[in-house]
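Undergrad: My request is simple: use the sequences and hints to build the entire structure.
First to last, the sequence lines map onto chains A and B. Going letter by letter, the first sequence gives residues 1 to 263 in the working numbering. Going letter by letter, the second sequence gives residues 1001 to 1239 in the working numbering.
No wet-lab data here; the hints were simulated from the structure. Bear in mind the structure is a predicted one, so any value in this text is a computation, not a measurement. Wrong hints could be hidden among the right ones.
[Said to hold, decoys possible] Below 25 Å or equal to it, Euclidean Cα-Cα: the simulated SDA-like pairs (lysine to any residue) are: (1) A:K13 <-> B:K1123; (2) B:K1005 <-> B:L1022; (3) B:K1052 <-> A:E77.
[To be verified] If we take Cβ atoms under 8 Å as the criterion, some of the chain B residues that face chain A in the derived model are: (4) R1073; (5) Y1077; (6) V1081; (7) R1083; (8) N1087; (9) R1101; (10) I1186; (11) I1216.
Built from N, CA and C at the ideal position, the CB exists for glycine as well.
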Amino acid sequence: MNKLTHIIRSELKSLMRGKWVMGYGLIFLALTDVLLRFGGGGPETLLSLSNVMLLFIPLVGMIYGILYIYQSREFVELLLTQPIARNTLYWGLYLGISIPLMSAFVIGSLLPLIWHGIFVLDVGSTVLVLGLGAVLTLIFVSLGFVLGLAFYDDRIKGFGFTIVIWLFMAILYDGLILFLVFLLGDYPLDKFVIIVSMLNPIDLARIMVMLEFDISALMGYTGAVFNRFFGSSYGVITAAAMLVVWLVIPMWSGLNVFSKKDF
Amino acid sequence: MIEIKNLKKSFGKLEVLKGINLDIPSGQATGIVGPNGAGKTTLIKSLLGLTKPSSGEIYVNGTKLNGNFDYRRDIGYMPQVARYPENMKVNELLTFIRGLRDQDAVFEQDLIDQFNLGPELDKMLRNLSGGNRQKVGATLAMMFDPQILFFDEPTAGLDPRASHRFKQRVQTEKSNGKTIIITSHIMSELEQLVDHVIFVLDGNVRYYGTMDNLLIESDETRLESAIAKLMEHPVEVAI
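TA: Next comes the structure, spelled out in structure tokens:
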């Protein structure tokens, strides 16, 4: 445990100095502030923030995770020759880079919400949106880790898959489902749509935002079906449970690949 | 003491190590040589636990390697390529590794003085020259006074003065009874530092013995020509 916190602290310090993470936090700070000043404030701001978050966080998280693996290759190999268990090292590196990224988003978005007084008005929704951003960060940094470890010697392929996975999950997914529904419109498809929504963490997060703000029409077809089928509270619980599954799978597979890998 | 029994390693269909058997006693200084792609790096990585054997067994000081890590308390490793986190200072890196190893860094100051790293300690690692980064690597490898030392192409980026100091240090470690394993393509360097040679070719050990014996058997006066001869006619002088 001591060694784990030792690694996390050292990574944190090194990252904070990089200013990169600070810039990322400042982007969310500026964005939220501008949205609050010009967007009318209140739920609309949180919704706009969610839309940016749902697109932006998965991409940044994955790129960040995979870049870390590629840039720190020799260093990670040196650390692996020290008397330390591989899983301790994995958690140390993973948490050491995902915690600062997560904090940058949460703090950057939270500060304007506090000073414009939105946070006190709508604590529940704010916590939900920021919490979802935090969970998405954890999921996609570990996906980046998995991709970096899987394509350890082939960076082009690693980055290629990262972009394709992001495009697919963040942009194309909802459209593809809509297309399938349009194509197979004569059949009862509710269960199918619910199942496929669960297979994409970004869709899950989108559905949770949608259920929270009760604006199914704005958030795509999958959201509408989800809303109708589950009703609000049950829907949120199911989507949250699925997000936890999504959190565990990439982390676990990353750990698994890291422990078995030949470096 | 390092024992390797029938070590095999394949990456997919590519068989890199084809049944290596070696006994390296404590206190011996050994050079590993062989052409590029012969399996030297894979052999060293297997000993360090970076690569897991497909079959066969490795024992380091009596401990069988099976994913455990405590045996690495006795090992110091200086990698060929020294790249560290950019936004870390040299002394922070030393502190970081000290915290990971939880061992007494008995030779830290000694090595910093010897390699003249004092003025570099407060610099960011990204601002260090390649040679200075190598010196940091050498310091990390030796500062905990481990029983076994691995050096992978150690003097490749060092200037003559640093290279000389490094060799002096290795000689000291050798006279202190350390087990030293060096891979290098610079044969004259090996002549100075080691007295045993392991010649690896196509995933097999083709020669393992004293350097003197190799020179006699190959009828050469220099290690370089003896190794060149071994590469061309591997069977003639094989053990």
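Undergrad: Output the numbers, in ascending order, of every earlier hint that fails for this structure.
TA: 10 and 11
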